[in-house]
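J.: Sequence:
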Amino acid sequence: MGKKVLAAMSGGVDSSVAVWLLQQQGFDCAGAIMLLGGAGEGGDSVEDARAVALALGIPFHVFDFSGEFDSCVLQKFAGGYLDGATPNPCIDCNRHLKFGAFLRRAAGMGFDYIATGHYARITRDTGTGLLSLQKAADRNRDQSYVLASALPQDRLSRVLFPLGELTKPQVRQIAEEQGFANARKHDSQDICFIPDGDYGAFLERYTGKACPPGDILDLDGRVIGRHKGAVRYTAGQRKGLGIAADQPVYVCRKSMADNTVTVGPETALYTRSLLTGDWAWGASPLPGPREVLAKVRYRQTEQPALAEPLPDGQVRITFRQPQRAVTAGQAAVLYDGDTVLGGGTILEVLEG
5 MGKKVLAAMS GGVDSSVAVW LLQQQGFDCA GAIMLLGGAG EGGDSVEDAR AVALALGIPF
65 HVFDFSGEFD SCVLQKFAGG YLDGATPNPC IDCNRHLKFG AFLRRAAGMG FDYIATGHYA
125 RITRDTGTGL LSLQKAADRN RDQSYVLASA LPQDRLSRVL FPLGELTKPQ VRQIAEEQGF
185 ANARKHDSQD ICFIPDGDYG AFLERYTGKA CPPGDILDLD GRVIGRHKGA VRYTAGQRKG
245 LGIAADQPVY VCRKSMADNT VTVGPETALY TRSLLTGDWA WGASPLPGPR EVLAKVRYRQ
305 TEQPALAEPL PDGQVRITFR QPQRAVTAGQ AAVLYDGDTV LGGGTILEVL EG
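Residues 5 to 356 in my numbering are what the sequence shown lists, from first letter to last.
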């Protein structure tokens, strides 16, 4: 395979340094930025990326993927919330845009690989030749959780992660040494299409449907307050409930059909079992029940669990210890040490 690489550039420091590292390794590089049509998307990112490409002497492209972003990310995000789930749009963007549409566009342009500024690694088994997604060397920056569903075996062979062995301070130091103007640029913390964090307002604008107030219930079904629209609440939430109680209460569940939000003590947030689906596997699907490490939130430390593949392709995950605020719509990712076995979507939180 050749050495032509199209790097996904965001205007940030990570993707900029990733391109520079590839150049040092002898790759023939070009850069491209994706326009997704998000409300928080502006010209600064395009110009920052273009400036780095110019400094590195590489071609630069702008891809308008706003249509794909709407159909693959925004529609799923809105539909999930209206159904009572809490989808992760960044994971869907990775799966369908960065490592889907972008990868296909790169291949059509004659590139052998794409590269991104994600913190993760890819290794090859010397015996089988199969590739695996691995955690990054910098555990504080590891992004394997949000990549697991995006990178089945057939994609791993065409993806490069130049930052996988580096720490964030090392990346910023390289950027400063190279004189990149974005060396100290802050990392984006918000969902790109909801920069103000008001999910309810976005959903009302996007769907044209009102998110009306409704009742807040306790675990016995008694009305104890009013919410501002059930879509604005998620499992484990404590702030913004507006309830005076003898002890802290948290969102335990919500019913979109009844437009109710149920709250209870923190002890009610814990569960051991969940049903998952829509799996993307690494080297191969699990052939049968297996003890694994699993995580159901980005910042969670992996926890021991039993993963049981079901005949319909779903996987039941049972943790050894109860887990807090497991939420339908979020990702479940299985690990064997540093190796990602696969990633799927939480469909249902089970009792027990």
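It is possible that some hints are incorrect.
No farther apart than 30 angstroms at their CA atoms in a straight line, the calculated lysine-lysine pairs in the DSBU-like style are these [as the list claims (entries may be wrong)]:
#1 Lys80 / Lys213
#2 Lys172 / Lys7
#3 Lys80 / Lys232
#4 Lys189 / Lys8
#5 Lys213 / Lys232
#6 Lys232 / Lys172
#7 Lys8 / Lys232
#8 Lys7 / Lys102
#9 Lys232 / Lys243
#10 Lys189 / Lys172
#11 Lys80 / Lys243
#12 Lys243 / Lys213
#13 Lys80 / Lys8
#14 Lys243 / Lys102
#15 Lys213 / Lys189
Treat the hints as calculated values from the structure; they're not laboratory data. The model shown is predicted, which means the values in this text are computed figures rather than measured ones.
J.: Evaluate each hint against the coordinates.
T.: Taking the hints in turn, this is what the structure says about them:
1. At roughly 16 angstroms between alpha-carbon atoms, Lys80 and Lys213 fall within 30 angstroms of each other, so this suggested pair holds.
2. Note on Lys172 and Lys7: the hinted pairing holds, with a Cα-Cα distance of about 26 angstroms set against a maximum of 30 angstroms.
3. As the CA atoms of Lys80 and Lys232 are separated by approximately 22 angstroms, the hinted pair is consistent with the 30 angstroms bound.
4. With a CA separation close to 28 angstroms, the supplied pair Lys189 and Lys8 stays within the 30 angstroms bound.
5. Of the pairs offered as hints, the one joining Lys213 and Lys232 holds, with about 14 angstroms between alpha carbons and a cut-off of 30 angstroms not exceeded.
6. Distance restraint check for Lys232 and Lys172: the Cα-Cα separation of roughly 39 angstroms exceeds the 30 angstroms cut-off, and the hinted pair is therefore not satisfied.
7. Distance restraint check for Lys8 and Lys232: the Cα-Cα separation of roughly 52 angstroms exceeds the 30 angstroms cut-off, and the hinted pair is therefore not satisfied.
8. Distance check on the hinted pair: Lys7 and Lys102 sit about 19 angstroms apart at the alpha-carbon level, within 30 angstroms; holds.
9. Distance check on the hinted pair: Lys232 and Lys243 sit about 13 angstroms apart at the alpha-carbon level, within 30 angstroms; holds.
10. Distance hint between Lys189 and Lys172 is fulfilled; the C-alpha atoms sit about 12 angstroms from each other, no more than 30 angstroms.
11. The straight-line distance between the Cα atoms of Lys80 and Lys243 is roughly 26 angstroms, inside the 30 angstroms bound, and the hint therefore holds.
12. For the given pair, Lys243 sits about 25 angstroms from Lys213 by alpha-carbon distance, which is consistent with the 30 angstroms threshold.
13. Between the alpha carbons of Lys80 and Lys8 the distance comes to roughly 33 angstroms, so the proposed pair goes past 30 angstroms and is violated.
14. At roughly 34 angstroms between alpha-carbon atoms, Lys243 and Lys102 are farther apart than 30 angstroms, so this suggested pair is violated.
15. With a C-alpha separation of about 37 angstroms, the suggested pair Lys213 and Lys189 falls outside the 30 angstroms cut-off, and the hint is violated.
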